[in-house]
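Starting from the known structure of chain A, fit chain B onto it as the hints suggest.
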Amino acid sequence: MTPVVLLTGFLGSGKTTLLQRLLTDPGLARAAVLINEYGEVGLDHHLLDRIDENVVLLKSGCICCTVRGEVADALLNLQSLRDRGEIDFDRVVIETTGLADPYPVLQTLTAHPVLRSHFRGGGVLTTVDAVNATIQLGHRAEAVRQIAAADRIVLTKTDLADAATVEALRIKLHRVNPAAGVVRSDDAVAGILGGLDASNAGLAVPGVQYDHEHGHHHLHHAHHHDDSLGVITFSLTVERPVDWTDFGIWLTLLLHRYGDRIFRVKGILSIAGEDRPVAIHGVQHLVHAPVHMKHWPQGPRVSRLVFILEGLDPDRIRRSFSAFMRLDVADAAA
Amino acid sequence: MCSLCGILGCDDHWTSAVERPGVYTRNTDRQSRRADAARRIRAANRVLGYRRLSLAEWQGTSYVVSSPTGASTVFEALSHLWPEAEALAPRGFDPLDDDLIDWMAKR
Numbered sequence: 001m002t003p004v005v006l007l008t009g010f011l012g013s014g015k016t017t018l019l020q021r022l023l024t025d026p027g028l029a030r031a032a033v034l035i036n037e038y039g040e041v042g043l044d045h046h047l048l049d050r051i052d053e054n055v056v057l058l059k060s061g062c063i064c065c066t067v068r069g070e071v072a073d074a075l076l077n078l079q080s081l082r083d084r085g086e087i088d089f090d091r092v093v094i095e096t097t098g099l100a101d102p103y104p105v106l107q108t109l110t111a112h113p114v115l116r117s118h119f120r121g122g123g124v125l126t127t128v129d130a131v132n133a134t135i136q137l138g139h140r141a142e143a144v145r146q147i148a149a150a151d152r153i154v155l156t157k158t159d160l161a162d163a164a165t166v167e168a169l170r171i172k173l174h175r176v177n178p179a180a181g182v183v184r185s186d187d188a189v190a191g192i193l194g195g196l197d198a199s200n201a202g203l204a205v206p207g208v209q210y211d212h213e214h215g216h217h218h219l220h221h222a223h224h225h226d227d228s229l230g231v232i233t234f235s236l237t238v239e240r241p242v243d244w245t246d247f248g249i250w251l252t253l254l255l256h257r258y259g260d261r262i263f264r265v266k267g268i269l270s271i272a273g274e275d276r277p278v279a280i281h282g283v284q285h286l287v288h289a290p291v292h293m294k295h296w297p298q299g300p301r302v303s304r305l306v307f308i309l310e311g312l313d314p315d316r317i318r319r320s321f322s323a324f325m326r327l328d329v330a331d332a333a334a
Numbered sequence: 335m336c337s338l339c340g341i342l343g344c345d346d347h348w349t350s351a352v353e354r355p356g357v358y359t360r361n362t363d364r365q366s367r368r369a370d371a372a373r374r375i376r377a378a379n380r381v382l383g384y385r386r387l388s389l390a391e392w393q394g395t396s397y398v399v400s401s402p403t404g405a406s407t408v409f410e411a412l413s414h415l416w417p418e419a420e421a422l423a424p425r426g427f428d429p430l431d432d433d434l435i436d437w438m439a440k441r
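Chains A and B, in that order, are what the protein sequence lines are. Per my numbering, the first sequence starts with residue 1, numbered consecutively. Per my numbering, the second sequence starts with residue 335, numbered consecutively.
It should be emphasised that the hints constitute simulated quantities derived from the structure, not laboratory data. Model, not experiment: these values are computed from the prediction. One or more hints might be untrue.
Label-pair ranges, simulated between beta-carbon atoms [to be verified]:
#1 A:272 - B:410: 52 to 62 Å
#2 B:398 - A:141: 53 to 63 Å
#3 A:86 - B:406: 49 to 59 Å
#4 B:364 - A:168: 54 to 64 Å
Think of the CB as a built atom: it goes at the ideal place given N, C-alpha and C, for glycine as much as any other residue.
Looking at chain A on its own, in the form it has when it is part of the complex:
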């Protein structure tokens, strides 16, 4: 299974500059690159130094509405060239248009019956412009979605912004997506890419406070609300093992109804009847195949779920979860 790294970020946030830099690293010497652009004429590939047969330009613009098929076709084409021995690659990088919501590309990888046997999500890298991000985040929903979908956030143009602005932005980004590590575009390439794959596989679950005593089956939640963005990061902790079937019905219904407002759901579950935990990782309407982890991370063996969402009441989600999961009144105490 070849990992596919999605490089996203708002228009002008430095995706191509970052990609140029990443491609000079030996670690990405065998990466195939797909570039998607908004507009009739593709320009970004001219900006890349390394143009070879592994760079494919997806011309038809906005990835949300038209390019899903093209992403699938381009990946199938890469696979067939590899099968014939004409090219070789160990990773694919897709640079998306700045207006794209990363979800359709992830969905293409997961849902396509051929692609899902050859490729897997290798992490979402989102560039954030330290100078303009605060304005973009306030006005453009795509910018918030790109950050919420990120496994790692790369701050660009930090040399053009003062230290206080960068720090304030870091705090804001952490509120929107506490699960994603934040690095700078001038950091070492290893630091930008290292561990990206593991975080995407759901192994890195964001820290949730263990603010409860052990031995009880209480369900806890905590949330942070960024008023300027309308984005809420909300976590649930439940000590009693959950029923996998009930959980599936609940999350499927919740995402069916509210997937456009739930940018991200990520968590680790203690499943009734299973010794090992299961990691869950969803972006909007899509949930990746659940990962059966080899062992529990350090700390209490409790289920933890983190949501990044907008316009929904965390308390209602908690009550809904309790009712669907057959937790009794005591369990549902916050």
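Just chain B now, kept in the frame of chain A:
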């Protein structure tokens, strides 16, 4: 084949993923697949009853969701459960609605 989008082999829903290394699934052999489908139908019916719909297995390979007036739809992929159910019950199922939450808490 998916009845909504026409894609072949699309029933790889995360709740019952195709068995592969590292992936959690109960979709492993015939027996556990059947047991899991039975559990899922029971769990879904607990919610569907709110709009007087019911779900059943259809010839061991698909699902059929039915309304009390006899309208029914057959579908193959679990990802279509809620869209198909809402087609039969236009008021739908809002998991954050107080009435549905109360209904579920009592069952």
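### Query
Hint numbers the structure violates, sorted upward?
Hint check: 1, 2 fail, others pass.
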